[in-house]
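Taken in sequence, the protein lines are chains A and B. Per our numbering, the very first residue in the first sequence carries number 1; after that it's consecutive. Per our numbering, the very first residue in the second sequence carries number 1; after that it's consecutive.
Certain hints may be false.
Identical chains share a label here; the pair holds if one copy fits it or two copies do between them.
What the hints assert, rightly or not - With a Cα cut of at most 30 angstroms, we get these calculated DSS-like pairs of lysine-lysine:
no., residue 1, residue 2
1, Lys-204, Lys-161
2, Lys-57, Lys-203
3, Lys-161, Lys-57
4, Lys-171, Lys-255
5, Lys-255, Lys-122
6, Lys-122, Lys-238
7, Lys-204, Lys-57
8, Lys-122, Lys-157
9, Lys-89, Lys-17
10, Lys-17, Lys-204
11, Lys-157, Lys-251
12, Lys-171, Lys-251
13, Lys-251, Lys-238
14, Lys-255, Lys-161
15, Lys-17, Lys-255
16, Lys-157, Lys-255
17, Lys-238, Lys-17
18, Lys-204, Lys-122
19, Lys-204, Lys-157
Simulated from the structure, these hints should not be mistaken for lab results.
2 protein chains.
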Amino acid sequence: MNIPHILLTNDDGVDAKGIRILAELLSNFADVLVMAPDGARSGAACSITPHTPLCYKKKSEYSRIQVYACSGTPVDCIKLALEQFPDFKPDVIVSGVNHGDNASVSVHYSGTMGAVLEGCMKGYSSVGFSICDFSSDADFSAIGIYVQDIVQWVLEKGLPKDVCLNVNFPKNDGDSYRGIKVCRMARGSWTSEWYEAQHPAGKKYYWLTGRFVNLEPESVDTDMQALENGYVAVTPIKVDMTAHHVINELKELEKL
Amino acid sequence: MNIPHILLTNDDGVDAKGIRILAELLSNFADVLVMAPDGARSGAACSITPHTPLCYKKKSEYSRIQVYACSGTPVDCIKLALEQFPDFKPDVIVSGVNHGDNASVSVHYSGTMGAVLEGCMKGYSSVGFSICDFSSDADFSAIGIYVQDIVQWVLEKGLPKDVCLNVNFPKNDGDSYRGIKVCRMARGSWTSEWYEAQHPAGKKYYWLTGRFVNLEPESVDTDMQALENGYVAVTPIKVDMTAHHVINELKELEKL
Numbered sequence: 001m002n003i004p005h006i007l008l009t010n011d012d013g014v015d016a017k018g019i020r021i022l023a024e025l026l027s028n029f030a031d032v033l034v035m036a037p038d039g040a041r042s043g044a045a046c047s048i049t050p051h052t053p054l055c056y057k058k059k060s061e062y063s064r065i066q067v068y069a070c071s072g073t074p075v076d077c078i079k080l081a082l083e084q085f086p087d088f089k090p091d092v093i094v095s096g097v098n099h100g101d102n103a104s105v106s107v108h109y110s111g112t113m114g115a116v117l118e119g120c121m122k123g124y125s126s127v128g129f130s131i132c133d134f135s136s137d138a139d140f141s142a143i144g145i146y147v148q149d150i151v152q153w154v155l156e157k158g159l160p161k162d163v164c165l166n167v168n169f170p171k172n173d174g175d176s177y178r179g180i181k182v183c184r185m186a187r188g189s190w191t192s193e194w195y196e197a198q199h200p201a202g203k204k205y206y207w208l209t210g211r212f213v214n215l216e217p218e219s220v221d222t223d224m225q226a227l228e229n230g231y232v233a234v235t236p237i238k239v240d241m242t243a244h245h246v247i248n249e250l251k252e253l254e255k256l
Numbered sequence: 001m002n003i004p005h006i007l008l009t010n011d012d013g014v015d016a017k018g019i020r021i022l023a024e025l026l027s028n029f030a031d032v033l034v035m036a037p038d039g040a041r042s043g044a045a046c047s048i049t050p051h052t053p054l055c056y057k058k059k060s061e062y063s064r065i066q067v068y069a070c071s072g073t074p075v076d077c078i079k080l081a082l083e084q085f086p087d088f089k090p091d092v093i094v095s096g097v098n099h100g101d102n103a104s105v106s107v108h109y110s111g112t113m114g115a116v117l118e119g120c121m122k123g124y125s126s127v128g129f130s131i132c133d134f135s136s137d138a139d140f141s142a143i144g145i146y147v148q149d150i151v152q153w154v155l156e157k158g159l160p161k162d163v164c165l166n167v168n169f170p171k172n173d174g175d176s177y178r179g180i181k182v183c184r185m186a187r188g189s190w191t192s193e194w195y196e197a198q199h200p201a202g203k204k205y206y207w208l209t210g211r212f213v214n215l216e217p218e219s220v221d222t223d224m225q226a227l228e229n230g231y232v233a234v235t236p237i238k239v240d241m242t243a244h245h246v247i248n249e250l251k252e253l254e255k256l
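In isolation and in its complexed conformation, chain A is listed as follows (with noise of 0.2 angstroms):
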């Protein structure tokens, strides 16, 4: 069998440890190509950037792991590679792994997420992977068999088309994952977002901060619930975000 070809991002930025270790578990059973942004971009989503010239380069080369740093977002590195790359065709594109969780809605907002959205666009199978865990030097320890399962699974069985998987571990610690449960994005909403501060000048500036509220803490089909159960989340997540279930209740508005 041919090895196979990854290609990697994420949003924390290249020198995240997320994707180091991630470079590294990937390269275990395939070529990887890192491109990704040259610092942090969380929360950015599906961004992308249309106004400012984008430039790359090269970070460093080991046998089996090329990697280039980006002044873009997430999705500009998945867009630039697969152009400036056209002989590394990859088998699945890979994002992560993200420091800090990308469940319920918080895949809206998820860079790490977007880089999968965009690779799903474009037609290739493509998986995220989050931890629980915000700490720049989050304990990745126990996610290796998890990754290598989950993308040898995709890579030999590949996924349904226009879908992705968000793939959430929680935090460790210090037992082992309790298995892996496919799951739904739970409902939620972030609350009381902002942190005022005062610019010693006198003028009054505002941090993004937040507390997320799991609006249906009972279901058990959740992404939240499998990880507060100590469980590997997977979610499909789909291209198309049409709310098809409404349609027909909203034909009304064709006779405006």
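Following the hints, position chain B against chain A.
Chain B only, in chain A's frame:
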């Protein structure tokens, strides 16, 4: 009846023609609070600003339109306005009019629709407007009656839970629009996205451009098809991105 309250933002920036036109149209029947980016944030998607403090300032005030400019993204604008103006309880959140369409997969990259999704996640009825015309002097002369009818319909009926509207107008070619079609997102993809240029000192850089490809040009129920045929395209968009239809199939992953 009390006069409705509308919170308005966009991603082209507070001085763009599209948001000025929209504020005026909405002020015919509502009090309008504008909190919009202080410059262009095209392609901002649902991005947020976690690592830089934000500020905002009053730009102008008319009898029914207050205008504030914010240093953040469209999503930041919605989050900030809702906490900074707790007495201005929006009956609907509106975004746009974007200069350029946000049909098909462009929803994922759109800062206009990012703000709309944010409003929706916060439980507000939310509507985004865009026009298939990238010109900074785009012709909005045909949109007035549609904006009014759609927003008033939403004010009266509300929207289904966790669903928002993505409204796209055809480019104005002089004829009036043919009416409203309620649609689904077309499958589509961007291709040939980079324009390579050279810095005078020799280094290469890359501008994001690209060409959109409608992957289902024959389908009659898509937003792209409606726009091509001169209709105003209204696409309901949902917060839940879970690919529910493949969850059972993916349960195989739980056995890894």
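Hint by hint, here is what the structure shows:
Proximity of Lys-204 to Lys-161 under the C-alpha cut-off of 30 angstroms is found in neither arrangement, the shortest distances being 48 angstroms within a copy and 35 angstroms between copies. Proximity of Lys-57 and Lys-203 under a CA criterion of 30 angstroms is satisfied inter-copy only: 10 angstroms between copies versus 39 angstroms inside one chain copy. In this homomeric assembly, Lys-161 and Lys-57 never come within 30 angstroms of each other (Cα to Cα): the closest approach is 33 angstroms inside a single copy and 46 angstroms across copies. Proximity of Lys-171 and Lys-255 under a CA criterion of 30 angstroms is satisfied inter-copy only: 21 angstroms between copies versus 52 angstroms inside one chain copy.
Taking the shortest alpha-carbon separations for Lys-255 and Lys-122, only the inter-copy value of 29 angstroms comes in at or below 30 angstroms, while the best intra-copy value is 37 angstroms. In this assembly of identical chains, Lys-122 and Lys-238 lie within 30 angstroms of each other by CA distance both inside one copy and across copies; the values are 13 angstroms within and 22 angstroms between. With identical chains, the CA atoms of Lys-204 and Lys-57 are at most 30 angstroms apart between copies only, with a shortest distance of 10 angstroms across copies and 38 angstroms within one. Proximity of Lys-122 to Lys-157 under the C-alpha cut-off of 30 angstroms is restricted to the intra-copy arrangement: shortest distance 18 angstroms within a copy versus 38 angstroms between copies.
When the C-alpha separation of Lys-89 and Lys-17 is checked against a cutoff of 30 angstroms, the pair qualifies only within one copy, where the shortest distance is 26 angstroms, while the shortest distance between copies is 43 angstroms. With identical chains, the CA atoms of Lys-17 and Lys-204 are at most 30 angstroms apart between copies only, with a shortest distance of 29 angstroms across copies and 34 angstroms within one. With identical chains, the CA atoms of Lys-157 and Lys-251 are at most 30 angstroms apart between copies only, with a shortest distance of 13 angstroms across copies and 39 angstroms within one. Taking identical chains as interchangeable, the C-alpha atoms of Lys-171 and Lys-251 lie at most 30 angstroms apart only when they sit on different chains, with a minimum of 23 angstroms there against 46 angstroms within one chain.
For a Cα distance limit of 30 angstroms, the shortest separation of Lys-251 from Lys-238 qualifies both inside one copy, at 24 angstroms, and across copies, at 17 angstroms. In this assembly of identical chains, the alpha carbons of Lys-255 and Lys-161 lie at most 30 angstroms apart only when taken from different copies (22 angstroms versus 34 angstroms within one copy). In this assembly of identical chains, Lys-17 and Lys-255 lie within 30 angstroms of each other by CA distance solely across copies; the values are 29 angstroms between and 55 angstroms within a copy. For a Cα distance limit of 30 angstroms, the shortest separation of Lys-157 from Lys-255 across copies, 14 angstroms, qualifies, whereas the shortest one inside one copy, 46 angstroms, does not.
Proximity of Lys-238 and Lys-17 under a CA criterion of 30 angstroms is satisfied intra-copy only: 28 angstroms inside one chain copy versus 34 angstroms between copies. In this assembly of identical chains, Lys-204 and Lys-122 lie within 30 angstroms of each other by CA distance solely across copies; the values are 25 angstroms between and 43 angstroms within a copy. With identical chains, the CA atoms of Lys-204 and Lys-157 are never at most 30 angstroms apart, being 53 angstroms at best within one copy and 39 angstroms at best between copies.
Hints 1, 3 and 19, counting from the list given before, are not met by this structure.
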